Structure formats: structure tokens, C-alpha cells
Amino acid sequence: MRHSPVEILDAKTREKLCFLDKVEPHATIAEIKNLFTKTHPQWYPARQSLRLDPKGKSLKDEDVLQKLPVGTTATLYFRDLGAQISWVTVFLTEYAGPLFIYLLFYFRVPFIYGHKYDFTSSRHTVVHLACICHSFHYIKRLLETLFVHRFSHGTMPLRNIFKNCTYYWGFAAWMAYYINHPLYTPPSNLRSSAGETGARHLCGKEAGSVTSPSTWPCGTCGPLVRSKTRKIPYPTKNPFTWLFLLVSCPNYTYEVGSWIGFAIMTQCLPVALFSLVGFTQMTIWAKGKHRSYLKEFRDYPPLRMPIIPFLL
Amino acid sequence: WCSHEMDPSVVSGKGSGLGSLETAEVLFQTQWLVLAITMVRFYMEKGTHRGLYKSIQKTLKFFQTFALLEVRIVPTSVLVTGVQVSSRIFMVWLITHSIKPIQNEESVVLFLVAWTVTEITRYSFYTFSLLDHLPYFIKWARYNFFIILYPVGVAGELLTIYAALPYVKKTGMFSIRLPNKYNVSFDYYYFLLITMASYIPLFPQLYFHMLRQRRKVLHGEVIVEKDD
Chain A
1 MRHSPVEILD AKTREKLCFL DKVEPHATIA EIKNLFTKTH PQWYPARQSL RLDPKGKSLK
61 DEDVLQKLPV GTTATLYFRD LGAQISWVTV FLTEYAGPLF IYLLFYFRVP FIYGHKYDFT
121 SSRHTVVHLA CICHSFHYIK RLLETLFVHR FSHGTMPLRN IFKNCTYYWG FAAWMAYYIN
181 HPLYTPPSNL RSSAGETGAR HLCGKEAGSV TSPSTWPCGT CGPLVRSKTR KIPYPTKNPF
241 TWLFLLVSCP NYTYEVGSWI GFAIMTQCLP VALFSLVGFT QMTIWAKGKH RSYLKEFRDY
301 PPLRMPIIPF LL
Chain B
1 WCSHEMDPSV VSGKGSGLGS LETAEVLFQT QWLVLAITMV RFYMEKGTHR GLYKSIQKTL
61 KFFQTFALLE VRIVPTSVLV TGVQVSSRIF MVWLITHSIK PIQNEESVVL FLVAWTVTEI
121 TRYSFYTFSL LDHLPYFIKW ARYNFFIILY PVGVAGELLT IYAALPYVKK TGMFSIRLPN
181 KYNVSFDYYY FLLITMASYI PLFPQLYFHM LRQRRKVLHG EVIVEKDD
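Top line first, the protein sequences correspond to chains A and B.
According to UniProt numbering, numbering within the first sequence proceeds without interruption in unit steps and concludes at 312.
According to UniProt numbering, numbering within the second sequence proceeds without interruption in unit steps and concludes at 228.
Next up, chain A with everything else stripped away, as it sits in the complex (with noise of 0.2 Å):
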């Protein structure tokens, strides 16, 4: 068998760091960075970054080398990616710590509020109902991390972890810090009815995005969930996927909603807050989304808006 010799060097300073000379033509990306690995045992494979050209795209995992244009020398350029953690790592982080801050607001732990108040309740319906409302929110996006979510790429950058949990534990310390202090202004006895109702949809919407199985295939971020033939995703008979009908990506809309509904219930500002930079990023991701199905599929429904029915 011919073999294929492939050289890697350095992208920026295109330094020579490595030459393989016994590579078999049909070996693909992934088992090249193995090889690499070998001779610089620093850089793992998932973070490098290897591409034909130094300021071109990554090559996939899956690219065989003889399907790649490259002359009887590969040359392939190196660009480290930085120290990497697993998405899986990430999200089971981001989400446990909200899940457990907001508890520790709830039962009113000592150094927080006054000390008259520590490890008392507090006497509002509301209160109670917002706990087990975000609680099981966040037990949802556990469950759904470990049991449901395809990640197509394993990792991301390290330094993710630190801001990914700034934004969600920061928003919920914040959030529960207001919702069970001792001075708490429940709603009116009109609104918070209206809230109670909207408590009970909230968490129906939060069993429907947990139960209908159409509205994985668009996750929380791209790299979430990809089967492997593509198919416009469409409503089946879960009345949770009707919304299909309407969005590209019913998962986020669901998620809006669920968190304006957690806003009114609570009547508590910060709440709004999160809920509207939530908002924004789930509409650039869900615009991404969008843009991608319409060129990926000539005959996608021209209904479908990205997030909002008929407006976003």
C-alpha cells in the first residue's frame, strides 16, 4: 500500500512540527491528530485545529486524506484551539449551580439575610410555587444533558466554563436573592392569579419541551444533536411539536415563554432582565438555525418564522 506522508506545521510561524511518514491514504483527521499527539503529547487532539490552508476552515474528524487536494506531501496547518473541556462538562456545571444557589436562597441559609431571618419561609404561595417552578426547570436541562443531547463536537474552549457559569449562576443568585428575601412584594391578588395560571402553563411547557423528541434536533447551540440523514423537523402527533408549524426552532420559543411566564409569576425585575438576554441570544442562535435549514432545504415552509410566530 502507498503510504502518504503528511507534514504539519505551525499556522502562524509555519515552523515544521511534525512529519508523518507512514500515513495510509484512506486514514482520516482523526486518526492524523492521534498520530500528532504522539510527538507532542501537550496538544490532545480535541484541541487542535488542522487545515489545508493557515487561515482556512478545520478539517472534520471524519475527512479522509486522499479525498482531501493535497499532492503526494499533505501539508496540513496546526492552530491550537486552547485547553478544552467536554460540552457535557459545561452544561451539567452551568446548570447544577443554579439549581442549587436558588436553594440556598430558598431556605434562607445563614449570612445571606439578616440573621432574624435564617432558615425561615416565607409566607407567600408565590414564593413556594416560583422554587419548585425554577427547580425543576433546571433538573429538566440536567436530565435533558445527560440523557437526551447528541453533541456532535465533544469540547469547547476552557475559558467558556468561566463565562457560561458567570451569566447562569450570576442571573440566579441574583434572581433568588429577590424572590425569597423577607421584604418580598408579592403580586396583586388580580396578577397573581393570572400568575398562578401562568405557573401551571409554565411548567405544562416545560413538560412539553422535555417530552416531544421533534424539538431535540435543534438544541440549546448548534453542535447539539445531528442525526445523520437531515430532514425538515415537522410536527407528529405530540400536541407539544405543533409549533413546528410555526418556528424553526420551538425549543427556544418554548423557553422565552417559560421564563416570561417565571417573570410575571414573580413580578421581580431581574427576572425580566434574564429573561430578555436570554431572548436576544436564543434569537441569534434560532436566526442561525433558521438561515441554515433555508439553504439547506429548497422547499422549507416559508411560514416557519425563526422564534417568534409570525414576528422574529
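No lab work stands behind these hints, which were simulated from the structure alone.
Certain hints may be false.
To be verified - Straight-line C-alpha distance at most 30 Å; calculated DSSO-like pairs for lysine-lysine:
| # | chain 1 | residue 1 | chain 2 | residue 2 |
| --- | --- | --- | --- | --- |
| 1 | B | K216 | A | K12 |
| 2 | B | K216 | A | K55 |
| 3 | A | K287 | A | K55 |
| 4 | A | K16 | B | K216 |
| 5 | A | K116 | B | K170 |
What the hints assert, rightly or not - With the C-beta cut set under 7 Å, the calculated list includes, among others, these residues of chain B facing chain A:
| # | residue |
| --- | --- |
| 6 | L178 |
| 7 | P179 |
| 8 | K181 |
| 9 | Y182 |
| 10 | N183 |
| 11 | V184 |
Bear in mind the structure is a predicted one, so any value in this text is a computation, not a measurement.
Where is the CB? At the ideal position from N, CA and C, for every residue including glycine.
Fit chain B to the known structure of chain A by using the hints.
Using the frame of chain A, we list chain B on its own:
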């Protein structure tokens, strides 16, 4: 507060006539010259800096708010310009305008002078670059003055905020206490403390960035940036 960098290769004028960009630069330039002249005249007539702020405040506020346009017009990164403009607006509107007792502090003059000199230098640089007629002195000034002016400006701002703290605490201005129907609270005093603390990580980063730009532009050093 930062004197933001600009890639000199981006600012090469097209030669003929004044386009809208050039006009804007000249306008910004004029603002700061006007401000500088007003300040100098005031000091020469009155012999003191007391009341200086009061006399220039309308002009300053107008110009600083007008500088919001800069974020879109000036050929620099939106983030960097945005940070500078918002920190200037913060100082002018949320500190010196709102907290009248500190307007006669020396520290106010300190940052006003620093801002004025920096901006005049910077806009001269942009304007002359666009007109394709950049005297070396202007380039030299733009990349050297900041070495002194930047710390001076930061010192002025920090001292001003520090001087404002007792008034903020006493009056409880811009603050919301619990309980209230939005279930939120905000304490302007602690917000100012956090703002002051934020200078610690931000100032060195911007300062060293300007130093790197200086080495690149004045000494032609090739610097490989961390993230390409």
C-alpha cells in the same frame, strides 16, 4: 477611559476633497479646541479653577454626547470606541453633572485637561492622515502623549469619583431600596465602588495595548497577536 488604537493602514485618505468622514473628524477636532481655548481663557481671567467646570459644562456635555456618533464613524473597533465613549459619558453625566458639590475639585480639571490634550492630538492625527499629509510630530505625539496623559486622566477620574462618594452615600441618589413592587434594589454607592475597582483590571490592559501599538507604529516592530 482609553485612547483607543487605530490601524494606520485603514486611515489612508483618498486624496481629493473632504468626505463626510473627514468633515466629522474636523468637527470633533474643533470641539476639543474650543473647549481647550475656553478653559485656558477662564483660568487666565479668573486665576482659579473654581467655577471652571460650571462654565464649560454645557459645551462638554454636548460634545461628549455628540461623541456617540463616533462609535459608528471612526475607523476603530466598535467595542474599544464604545468603551471609551460610554466611560466619558458616565463621567460627565452620572458624576460631574449629577453631583454638583464635586464640580470644583482639582481632580475634575485633571481629567478635563488630559481628555482635551489627548483628543486634540488624536483628531489631528485622524484628520491629517485622511488628508494624506501627516506630519511626523503629530504621529509622535499621538503615540507618546498617552504615556503620561492616560494615567493622569485615570487618576483624575478616580479621584473625582472618590470625592463624590460621601455625597452619594448621604443622599442615597440613584438608588432603590426594598421593599418595592419590582422586587429589585440598586445602591449607587456600591456601584461606584465597583466601577472604581474595575479600573484595576481594565486600565493595564488598555495601557499595554497602546504601548504595543506604539511599538508597532513608531518602531516598526512586528508583533504577533495572540488571537489572529
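Do the hints match the structure? See the list:
Taking the CA atoms of K216 (chain B) and K12 (chain A), the gap is near 18 Å; set against the 30 Å cutoff, the hint holds. Between K216 (chain B) and K55 (chain A) the alpha-carbon distance is near 22 Å, which keeps this suggested pair within the 30 Å criterion. Pair hint K287 (chain A) plus K55 (chain A) holds up; C-alpha atoms about 26 Å apart against a cutoff of 30 Å. The straight-line distance between the Cα atoms of K16 (chain A) and K216 (chain B) is roughly 27 Å, inside the 30 Å bound, and the hint therefore holds.
Straight-line distance between C-alpha atoms of K116 (chain A) and K170 (chain B) comes to about 27 Å, which keeps the hinted pair within the 30 Å bound. At its closest, the beta carbon of L178 (chain B) sits 4 Å from a beta carbon of chain A; the interface hint therefore holds under the 7 Å criterion. Contact between P179 (chain B) and chain A, as hinted, is supported at the beta carbon level, the nearest pair being about 4 Å apart and thus within 7 Å. Hint on K181 (chain B) holds. Least Cβ distance to chain A is approximately 5 Å, under the 7 Å limit.
Hint status for Y182 (chain B): holds, given a least beta-carbon distance of 4 Å to chain A, under 7 Å. Hint status for N183 (chain B): holds, given a least beta-carbon distance of 4 Å to chain A, under 7 Å. For V184 (chain B), the shortest C-beta to C-beta distance to chain A is roughly 4 Å, which falls under 7 Å, so the interface hint holds.
Checked against the numbered hints given earlier, this structure breaks none of them.
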